[in-house]
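Enquirer: Guided by the hints, dock chain W onto chain G, whose structure is given.
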Amino acid sequence: MIIVGILLVVLLGYSIINKIDMGKTPLEKFGFSLLIGMGAVTIAMFIFDILHIPIRLYTLYPFMLGGVILLQWRTIKKFRFAKPVDFNLNLPGRIGTILKIARQHLLWTFFILLILFIATGSVVKSLYWPTFAYDNIAGYDLMGKVIAAEGKINNSLFEIDGKPIDGSAKRLTYPILVSGSFAYAYLHNLKTSKIMTSLFFIFFIISFYALLKNYTERINAAIGTFFMVITPEFLAFTSLSTTNIPFAIYASLAMITLFLWIISGKREDLIVAAIFAGLTVWTRSEGIIFIITGVIAILVSGGKERRWKNLLLYFCIGLAPLLAWNIYMAVSFNASQSVFYLYPYWDFAKIKTMLMWIRRLIFAGNYFGITFYIVFIAFVLNIKQILHDRTTKFLLMTVLSWGLFTLLYYQIDYSKLDPLDLVMTTSYRRGLFCFVPLIWYYVFSNHSVAGFSRKIFSDFL
Amino acid sequence: MKKQPKKKNSTKIFFDFISIVIALTVLLLLMQIIPGYNWVVNSLILGTYKTIAHYPNITLEQKWALKCGFDYRYLNYIKKQTPKDAIIIMPTKEEIFPEGEKSDFKNAADCIKNKAWATYFLYPRKLVYKYEKGKNPYYAKANYIAIVNYRGYDALDYQIARKEKHCVLPLHNKAESQ
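Keeping their order, the protein sequence lines are chains G and W. For the first sequence, counting from 1, position 261 maps to 261 in my numbering; every step adds exactly one. For the second sequence, counting from 1, position 15 maps to 15 in my numbering; every step adds exactly one.
Isolated chain G (complex conformation):
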């Protein structure tokens, strides 16, 4: 049954991306399909809850099927039984083409096999062990389990006056992309929801590779994807079901697709970027920093004519899920305690402590490998081209979003939360996952590295 469920999510996501942008490559569309499809399913769960429609497979499946039919209506209309349909997918031919590429590009094959080895290891680990991380058991997975059991988001976990049960902290009130996807697994009677984490990860690898390949050489895409995947702390969390990896996935795709829109100027690309931005805040509210980055990027590079229209489009699609969720929370739950200072202030000791932790975290090879070293090297190598290289804009977007992310942690009133040191070594550290794909994307797409590999691989290999 879960196979049918996953296929429907993929089909729905594929139909959405296909409707928005027919020009995307099949690999991009396939990579995006589950990520967008799962976003759509969890938004449907949210709407069902508001309309008091039970969240059940018998309500979700018709919605998903209906969505697919509606989005693929043109294709369905063209379909004629009387006309013989060519179902010959020419699989041997396609496999032959892949094998031909593999033979022609042995180094590419080598890195693709390494990616498969690493990703398979993570997926096997994820599927072997049940959910055991504290945040999930006392938070997202618990929420997913109860949504599936009771068919509603405002469920018995908010047992007294809408307050989340003790020990869950604020985890039960996170936007429901992750807990909703876990609920989807439990609705299919699975004993654990870990398959969802693995699916997010697999489809992200495909998306990241496809996006990098469209901008640079095939070999660069393979090496860049490999180094992104093998980042130690990032990979370790892909087999746990916390919200951090899905958050990093959506946030990085939001930034990369926005950068691609800055280059192409195509409205379809902007819509895709806005959808990913929306799904980022649908995963964790702090995703707002990526929307702010996006807004600034649009204001700076959005073209004179349609700048405001583009901004409005991005803002509406990107921010809608967060606004909707916050209104829902205010109405349904009693969990509005803010931990943020809502005014600017200056605390040098706090800044010093945060910078000390940031330095320790990013240069600790145990956590992020060479990720934060290589970006400096790539930047220095590219310094001559820095003003002319389009990827400089992408680097600036990455730095800006990282700065905003750090500012968000600076604005936290730690007397209402855990101590600063603890938050920096846990939440902030995991928040850095968002910048791992962004860094590797920059490293392998910037002018110097891309040019160098183009020269090497077209001249010699």
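Check the hints yourself; a few may be wrong.
Straight-line C-alpha distance at most 20 Å; calculated DMTMM-like pairs for lysine to aspartate or glutamate [said to hold, decoys possible]:
{"id": "1", "chain 1": "W", "residue 1": "Lys135", "chain 2": "G", "residue 2": "Asp161"}
{"id": "2", "chain 1": "W", "residue 1": "Lys84", "chain 2": "G", "residue 2": "Glu150"}
{"id": "3", "chain 1": "W", "residue 1": "Lys133", "chain 2": "G", "residue 2": "Asp166"}
{"id": "4", "chain 1": "W", "residue 1": "Lys93", "chain 2": "W", "residue 2": "Asp104"}
{"id": "5", "chain 1": "G", "residue 1": "Lys163", "chain 2": "W", "residue 2": "Glu132"}
{"id": "6", "chain 1": "W", "residue 1": "Lys141", "chain 2": "G", "residue 2": "Glu159"}
{"id": "7", "chain 1": "G", "residue 1": "Lys455", "chain 2": "W", "residue 2": "Asp104"}
To be clear, the hints were calculated from the coordinates, so they are not data collected in a lab.
Expert: Below, chain W alone, put in the same frame as chain G:
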């Protein structure tokens, strides 16, 4: 003229081979220099396969017990001993970790003293903690009590012949109430 493609092909194979050797060398060097990459390959990936080979046929319950320890085993016992609609009074922190005694339970966030964490394993049963008395309406409706470290027997309205260190019992004697 005909021989040239062959020559090109052999040069390409040579460079392919060299590039893979260089890539492998760089990766092995990285594994040596950066312990994180070594950990990924040896612990995260290969370690997982070793664990699976070591425990090929264990059940989901056994896996949880391996990861969550005694706290999970106790909750799983409660799950088996109580109906799905049970409302269970859970022990206080002082009862779980009595002063001067070694406790079987974990003194961490992920342990039975955390309501959300314990609820995950016992849902749809409802859990009430003693600090919720008077605040949580379910407390008055509780029909079971979780006993740890021989503490909690005093809440029963009947006598127990043989007291276990850790168990779960109905608050009221069914025979007496009938």
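Enquirer: None of the hints should be skipped; say for each whether it holds.
Expert: The hints, checked one at a time:
no.	hint	verdict
1	Lys135/W to Asp161/G	11 Å, holds
2	Lys84/W to Glu150/G	14 Å, holds
3	Lys133/W to Asp166/G	14 Å, holds
4	Lys93/W to Asp104/W	13 Å, holds
5	Lys163/G to Glu132/W	13 Å, holds
6	Lys141/W to Glu159/G	14 Å, holds
7	Lys455/G to Asp104/W	64 Å, violated
Hint violations for this structure: number 7 only, all remaining hints satisfied.
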